[in-house]
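> Heads up: the sequence shown runs through residues 242 to 315, numbered per this note's numbering.
Don't read these hints as lab results, they were simulated from the structure.
Since the structure is predicted, the reported quantities are computational estimates derived from the model, not experimental observations.
Any given hint could be a false lead.
DSS-like, lysine-lysine: derived pairs with alpha carbons at most 27 Å apart [to be verified]: (1) K246 x K299; (2) K256 x K246; (3) K246 x K312.
Quick list of simulated restraints, FRET-style, between CB atoms [stated by the list, open to error]: (4) M307 x K256: 32 to 40 Å; (5) P262 x V286: 18 to 26 Å; (6) K251 x G279: 18 to 26 Å; (7) L250 x D303: 19 to 27 Å; (8) S252 x E283: 24 to 32 Å; (9) A270 x A310: 25 to 33 Å; (10) F294 x M242: 16 to 24 Å; (11) M314 x T287: 30 to 38 Å.
Backbone N, C-alpha and C fix where the C-beta goes; we use that ideal spot for every residue, glycine too.
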Amino acid sequence: MNPMKLLQLKSHWDKFNQNHPRFTPFIKAVSVNGMQEGTVIEVSVTTPDGRNFTTNLKVCEDDLKMVEAIKEMN
242 MNPMKLLQLK SHWDKFNQNH PRFTPFIKAV SVNGMQEGTV IEVSVTTPDG RNFTTNLKVC
302 EDDLKMVEAI KEMN
């Protein structure tokens, strides 16, 4: 991986967290308290003109392994 791209990503992530301070704590709380195999995650996006896009996924064992790998990166 390009180190400069990682620095840019870090900068974007920091700005995202400034703009949306409740998102990261929410994700952490879910991963600690609610994330288990069979959990359904639903995402809904509403555009400024009112269009709505919604999808969901059911968490599987591989997803949990990925979450643990991400946690270990910190």
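> All hints, please: hold or fail.
Do the hints match the structure? See the list:
1. K246 x K299: Given pair K246, K299 is violated - Cα atoms ~31 Å apart, limit 27 Å.
2. K256 x K246: Cα-Cα ~15 Å, so holds.
3. K246 x K312: At roughly 20 Å apart (the allowed maximum being 27 Å), K312 and K246 satisfy the hint.
4. M307 x K256: 32 to 40 Å: violated (24 Å)
5. P262 x V286: 18 to 26 Å: holds (20 Å)
6. K251 x G279: 18 to 26 Å: With Cβ atoms ~33 Å apart, the hint is violated.
7. L250 x D303: 19 to 27 Å: Once the Cβ atoms are compared, 24 Å apart, the range 19 to 27 Å for D303 and L250 holds.
8. S252 x E283: 24 to 32 Å: holds (30 Å)
9. A270 x A310: 25 to 33 Å: Violated, at about 19 Å.
10. F294 x M242: 16 to 24 Å: With Cβ atoms ~30 Å apart, the hint is violated.
11. M314 x T287: 30 to 38 Å: holds (32 Å)
Violated hints for the displayed structure, listed by number in ascending order: 1, 4, 6, 9 and 10.
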